[in-house]
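Number of protein chains: 2
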Amino acid sequence: MTFTRMDAYLQDNLDASLAELSDLCRIPSIAAQNTGLQEGAESVAAMLKKRGFTVEIMPTGGAPVVFGERKGRVDKTMLIYNHYDVQPAEPLELWDSPPFEPTLRDGKLFARGVSDDKAHITSRLHALDALLDAEGELPCNIKFIIEGEEEIGSVNLPPFIKAHAEKFAGDACIWEFGALDHNDVPIQFAGLRGICYVELSVESLSTDVHSGLGGTIFPNAAWRLVWALASIKGPDERIRIPNYYDNVVPPSARDHELFAKLPEIADEYRQRYGVKEFLKGVTGGPELRIQETLLPSCTICGLTSGYQGPGTKTVLPAKASAKVDFRLVPDQTPEDVVAKLRAHLDAEGFSDIHIDYLGGEAPGRTDPDDPFLQMVVQTAEEIYESEMEIHPMIGGSGPNHAFLHYLNVPVATAGLGYPDTRAHAPNENIRLDHYLQHARHITRILKTFAG
Amino acid sequence: MTFTRMDAYLQDNLDASLAELSDLCRIPSIAAQNTGLQEGAESVAAMLKKRGFTVEIMPTGGAPVVFGERKGRVDKTMLIYNHYDVQPAEPLELWDSPPFEPTLRDGKLFARGVSDDKAHITSRLHALDALLDAEGELPCNIKFIIEGEEEIGSVNLPPFIKAHAEKFAGDACIWEFGALDHNDVPIQFAGLRGICYVELSVESLSTDVHSGLGGTIFPNAAWRLVWALASIKGPDERIRIPNYYDNVVPPSARDHELFAKLPEIADEYRQRYGVKEFLKGVTGGPELRIQETLLPSCTICGLTSGYQGPGTKTVLPAKASAKVDFRLVPDQTPEDVVAKLRAHLDAEGFSDIHIDYLGGEAPGRTDPDDPFLQMVVQTAEEIYESEMEIHPMIGGSGPNHAFLHYLNVPVATAGLGYPDTRAHAPNENIRLDHYLQHARHITRILKTFAG
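Respectively, the protein sequence lines represent chains A and B.
Residues in the first sequence are numbered consecutively from 1, following my numbering.
Residues in the second sequence are numbered consecutively from 1001, following my numbering.
Heads up, a few of these hints could be off.
Cross-link-like lysine-lysine pairs, in silico, DSSO-like; alpha carbons within 27 Å at most [said to hold, decoys possible]: (1) LYS1276(B) <-> LYS319(A); (2) LYS1319(B) <-> LYS319(A); (3) LYS1280(B) <-> LYS319(A); (4) LYS276(A) <-> LYS1319(B).
Just so you know, these hints were derived from the structure itself, not from any lab.
Construct all of the structure, not just a fragment, from the sequences and the given hints.
Below is the structure:
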C-alpha cells in the first residue's frame, strides 16, 4: 500500500524529475577536459540541499566530492556512490541531437552523461522524494558520495575515502551503475576488475630520418616499441611478465556455479562486435564469461608512430608510443603491475622504453552471497518480473575497492544501463521506463534495508 | 679558353636562369596531391623548346613524361633524367618563407622542390645555354626524360621506359640528383637501393570495444599487428622472412676498397640525428657505410591504431595498420619481397594481416669503374678542387634500374644537393655557388663525353 502511493508519486512527478535531470545534463562536466566540474558539483549539491540533506562540497586535490547526509527513521546507513562527471562528447558529428541539449525521442532521453551517470543520481533522488511524500521521513540514514573524476579513473578518490573513513562510515553501498541485459533482465555485478593504464614510449633519435638513409644503421622507435610489446604478451594471450599471475585468485567453485546459471552470450557478442573467434579457443558458455571477467588482461588501446596518412612517406620514426590497459583481478594491484612491468622491460633489454603511469584502481569483489547483495537481487523481482542475474565480476573497473576495503561495506549494483545505452559513445541515452523502474527498485531496497 | 667563355656566360646570366628556376618553383607540382602536374610538364616543355629541342609531352597512365631531344655535333647521345614533381610542402608553419614563393636569402634560394629537383633542371639548361653561346651547337645529342611521379615512387616510369626503349636509346645517363658532403666534396653515387613499400593492416572486429569488456576474449587488431611485425624482424635486425637473403649479392672486394677511402661519417650522424648507438654494434668506419647502403632493410615508417590522444581511453581497437618500407639491394625485386612476405605471414598464422602494396622499385648499380662514371668523377676536380668521392651505393631509391637494364646505359650522379638542402623538409634550399658549380660541371661532362 505504501509502495502503491510511492509508485503513483514516481509516475505523476516523472516530468519534474526529468526536468531536473535535463538541467544536470546541460552542464558539460567533463573531467578529461576539466570543464564544468565546479558547476556540476554545485548543481548536485543544490539538489541534495533541496531534499534536506546536509551538504559539503569537499576538495580532493582534483574535482570536488559532493557529500550529502540525512538521517532516517532507523539508525542504519546506506551509502550511495555516484559521479557528476561525464565522458567527452566527441565525435560530435555522430550525435543526432546536440550532446548537451537533452532531447526526448521514442521514450528515450538522449544526452552525454545521461546514463553514465546523471540519471542514476536523479532517479535515486526521485525515489527519495516518493519515500518522503509517503512517509515524511527517510527509512534509514543516507550518505551520498558523488565524485567528479570517475571518468578519468577516480584518481583522487581512494585516498580521499581512506582519509574520511569515519565520516563516510555506513552499513552498505549502492553503486553508481547497474544494467539490464538484452532481455530486460536486471544484472547484479558483484565485483569490478581493477585497472593499470600506462603509456609506453620511446625516443630513439633526436629527429625523424629518411628511411633510405637510416633503416639499417639507426635505431627505429617503432621497432623498439613493437618488440617491447611483443615481449609482454604473445599470441597465446599469456602475459609474459615474470610472476604476473602470482597474486591472481582463481575462480571459485561458487563462481563457476553462478556463471553456469547465466544465459549464453556468445552469439550476442558475435553479432554485436563481429567476432569470428574468441581468444584461446573458447566458444561460449560459462568459460567465455569467466575468461572475460576473472582473468587479468593486457590490452593495447592505441599505437602511434611516424607517418599515418594516405599513401607512402619514407620516414624512420624517432618516436613511438602505445597506450596499454591491464585489467586486474584480486589480489593484483596497479602499483605491483607497474613495478613488474618495469623489471620485465629492463630484463628483456628494453630500458629505453619509458613507462608513464596514467592511473589505476585495485580490483574489488563483494561476496555474491552477502545478505545485502542478495536483498538487492531479490527486491528486483517485483519491479522487473525477474530476480537479478548475479555476475561474480564485470570486466570493467571502478573505485569499489576503496568502499570495500576502507569502509568495509558490501557494494551492490542497481541501475538503468541497457545494451543500447551507448555510454561513452554518441547518442548516449536512457529509456524512461527503466528510469521509473530504477526509482521503484531504490524505494524497495531502502525500505527493506531499514527493516 | 672555351670554358673561360662559358664560365663567364654562366656567371653573367645567372639572374636570368634563377628567374626561370623561380618561375618553375612557383608551380605546386605535387604528385602525392595530384596538383600542378600538367602545368609543371608544360613549363619544362616550354623551356626545352626555347633551346631548340623537339619536345613531346607523353602520357604514361599517370603524370606525363616530358621528352626533349636535340642533336649535337657528334652522334653520341647523353640521357638526362629529371623530375618536375615535388614533395608536399606540409608542415607549412615551419617554413620561414612561403614554399611556393621562391625567396633569396644569404646566397640561397628557398622553395619547395628547388633542390629536389627543379634547380637540377634549370642549371643543366643554363649549362646548355653556355655551350650554345660558346659553340653554336651542342657537343652531343641530348635527350631529356623528365617525369612527374618521382616523389611517389616513379610508379609508371619503368614500364614506360621499357616500352619506349628505342626512342630513349642513348650512351650514358646523368641522374636527377647529386650531392656535396659537409666538406663541400662532391659525391658520386654509383647505385641506388630498391624499395618495396607496403601497408600492413588488420581488422579484428566490426567496431571498437570497451577494453574492460573485450580484453580477454576478443581479438585485438593492435596486438595482431604487433605480433605480425615482430615475426618479420627481431632486435637482432635480421629479417626473418624465409629465404629473404637468397638474392642478396654481398659487398665485393672493390666495394670494401671504395668505402675504406671515404671519410668517417659516424660523428656527423651522431650529432645530426642524436644517435647513441648504431645498430648491430657498428661504431663507424667503412662497416657503417656498408651496413647503411649494401644491406637490405625493413623499416616501420608508421604505426596507427586505436586511441592516440592525451591521457587515457579504455578501448580495444578493431583496426590497426603499419607502413613498412623494405630497401632492396641487387638482385632483390619488390615483387619477390611481397610474395615472400605473404607466404611468411601465412605460415606464421597471420593470414588476417592484409598486405597493400603501395609501390616499389628494383635496385640498380653502375660499375664504379665504368669509364663514363669515372669521367664524371674526374671532371669534377676542376670545378670543386676535388675529385668526387665514389660511394658504391646510396641508401635511398629511384628508378635507375629501368635506365640500367632497359636502356643499358651507365648512370652517374652529379648535382647540387648538400647536407643542409632540406629536401622533403621545410625550408628546402640550394646554394647559388653550388648552382653555378653544377652548371660548370655539366659543361665539362658534355664536352668530355663528346670527345
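Against the structure, the hints:
A threshold of 27 Å between alpha carbons decides the hint, and for LYS1276(B) with LYS319(A) the separation of about 15 Å falls inside it, so the pair holds. For the suggested pair LYS1319(B) and LYS319(A), the alpha carbons sit about 21 Å apart, so the restraint of at most 27 Å is met. Using a Cα cut-off of 27 Å, the hinted pair LYS1280(B) and LYS319(A) holds, with the two alpha carbons roughly 20 Å apart. About 15 Å separates the Cα atoms of LYS276(A) and LYS1319(B), which keeps this hinted pair within 27 Å; it holds.
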